[in-house]
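Visitor: These are the residues of each chain, in order.
Number of protein chains: 2
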Amino acid sequence: MESTILLSQGDIKEVLTMKDVVEICDKTFVGFGEGTTINPTKVGLDLGEKAAYPPYEGFMNAMPAYVGWCDSAGIKWAGGLLGERKKAGLPYITSMILLMNPKMGNFTAAMDGALITNWRTGSQAAISLKYTITHKKNIKIAIYGAGMQGRTSTMAISQIFDIDELRVYDLYKSAGEKFKEDMKEYVKGEIVVVENPEDAAKDVDAIITVTQSKNKFLKNEWIKPGMVVVPMGSYQECDDEFILSADKIMVDHVGQCLHRGVLKELAEAGKITEETLYATIGEVAAGKKAAGIKSDERILCVPIGTGAMDIAIATVVRDRAIEKGLGDNFAFVV
Amino acid sequence: MESTILLSQGDIKEVLTMKDVVEICDKTFVGFGEGTTINPTKVGLDLGEKAAYPPYEGFMNAMPAYVGWCDSAGIKWAGGLLGERKKAGLPYITSMILLMNPKMGNFTAAMDGALITNWRTGSQAAISLKYTITHKKNIKIAIYGAGMQGRTSTMAISQIFDIDELRVYDLYKSAGEKFKEDMKEYVKGEIVVVENPEDAAKDVDAIITVTQSKNKFLKNEWIKPGMVVVPMGSYQECDDEFILSADKIMVDHVGQCLHRGVLKELAEAGKITEETLYATIGEVAAGKKAAGIKSDERILCVPIGTGAMDIAIATVVRDRAIEKGLGDNFAFVV
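Chains as they are written, first to last, in numbering that gives the first Met the number 0: chain R, 0 to 333; chain A, 0 to 333.
So that you can see chain R by itself, here it is in the shape it has in the complex (with noise of 0.2 angstroms):
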């Protein structure tokens, strides 16, 4: 009972798809929503992404969960570095995630963590519109950042969207012209380099913003009725205008969503509070608050990420790994 199976990135691929991670971050929301999905509030080390101690150009989140639709209790602890990091030619996200029996208390798997937080980062954006975007099937949507998140919120979303038109605006443009060529299989329609960043605006019906830009570029005008903007990135990449203008605001984690990302600055001014809010993702998934977005409604939705998701995501690849005897195997307790 006390052996724990170990799987890398190599072993999670092997038995994960992006439609499989959707429809897990989904019945996940669903649980956010009935109260079966528990998820305590994150909690950061800095290791000199902000505090001057220590010297490290980067942060952990240590973020536990128990999901009940598949009774199972873990931690995912990520964190993005730079610096000597990003010398290296390594990726910004570095993450490892611990399962254990929530009756028994034995670890039953330890994986990498990384290509998890990315996938399930892009599925929940394509949930966010999942449940804004009620009305079609075919939606144009713009992308800013080209990088890692863009991508995966983009096949995400083709999995339950078709998408008719993509428009990605990245500070690089020779970033965007990769993205172009990256995704081409996952957008039905023509994907579009903008130069500037009001460009990618305009005529969507959903804007995306998995940028690291500590500057407000989203402008309160470029969002016209029946549009829905989800923020991904950690600091405020929309104006102060359209937050507080917009029609309804929905959040993934009332308590994470009100301390970090987006809404963070107007909430510690006192101008968003729980109040301002209108729903959960959860409470709209699991049918306790109305989903849709109406054509002269502007909708915010954050979803800036919860472990419960990356734990209920490693579940299933436990569980299917175990099944095609992938990875290795160690006992800890001996």
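Some hints could be false.
Chain copies aren't distinguished; within one or between two, either way the pair holds.
No farther apart than 20 angstroms at their CA atoms in a straight line, the calculated lysine to aspartate or glutamate pairs in the EDC-like style are these [to be verified]:
(1) K85 - D246
(2) K49 - D70
(3) K85 - E1
(4) K172 - E240
(5) K179 - E189
(6) K49 - E267
(7) K263 - D161
(8) K102 - E83
(9) K86 - D19
(10) K102 - D45
(11) K86 - E1
It is worth saying that the hints were derived from the structure and are not from the lab.
Everything numeric in this text was worked out from a predicted model, so none of it was measured.
Once you have looked at the hints, place chain A on chain R.
Guide: Structure of chain A alone, referenced to chain R:
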């Protein structure tokens, strides 16, 4: 670079002694005082210990930390479970530790955390006495609770002091007798198993409580001038009168100690605040606040437990294990 060493309890035992653990914890306490030990407040996941759901009898705490003196970051995920785990004859504590290189972000080790948890908990009691009982080397102590942590406390205290007498009380006298048998080698003088809780506290220099009691069984009138009380249970083991009349209260971690353990109730009632506290153990260890107890003083010292201790110990274990070629290796990021 991206390979992770895996270590079992057996591997850890091969490279670690209680003497090491006491020294490592001491250095890490000094780091707390000097500001080089970074230890965010732990975040809990209730699996049904207090919450109505999920339906299990346990909890897990996520404890990330960075320790400057060994330049290491990591997380311990640790908790306790009764119920089916207890029925299966498994120990209360279940735990894993992950270590990372704080500059490069790669995960360097995954190891069992239960053994380290038990040993460091005992060491925290020993260091609490080291900085309060500074005027003698031969001491008499009382232990309430003849379980694992009563044992590791005794073992650790014997690294710093000669124990001239140890008075032990347990709800079950047979547990006390077994403790006496097991702990002989660590106690120079006699181990006295008492049947009446009050008798344990008679004529001792220090009282260590390591019980799962939810009663405030340790009475103010039992605690005489010159005595140090170190409560390590999850609940309040001593009465309000003692806490409110102790001459000095020391803690290992202000944030945690005001929200759990012995001070929780009075802190929530506003009767104990950060201002009530004399010092952190770290401040005393670093020489920023005076050590020692006066003959007319009674000190309450609360080492509730910090992940930094575990991360520091695990780092030393990792480095020694690599040198000795112990454990196994797995590449998670491939």
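Visitor: Now tell me, hint by hint, if it's right for this structure.
Guide: Results for each hint:
no., hint, verdict
1, K85 - D246, "neither (40 angstroms within a copy, 52 angstroms between copies)"
2, K49 - D70, "between (36 angstroms within a copy, 18 angstroms between copies)"
3, K85 - E1, "between (37 angstroms within a copy, 15 angstroms between copies)"
4, K172 - E240, "neither (28 angstroms within a copy, 69 angstroms between copies)"
5, K179 - E189, "within (9 angstroms within a copy, 78 angstroms between copies)"
6, K49 - E267, "within (18 angstroms within a copy, 31 angstroms between copies)"
7, K263 - D161, "neither (33 angstroms within a copy, 54 angstroms between copies)"
8, K102 - E83, "between (41 angstroms within a copy, 6 angstroms between copies)"
9, K86 - D19, "neither (34 angstroms within a copy, 36 angstroms between copies)"
10, K102 - D45, "between (32 angstroms within a copy, 12 angstroms between copies)"
11, K86 - E1, "between (39 angstroms within a copy, 15 angstroms between copies)"
Violated hints, in rising order: 1, 4, 7 and 9; the structure is consistent with all others.
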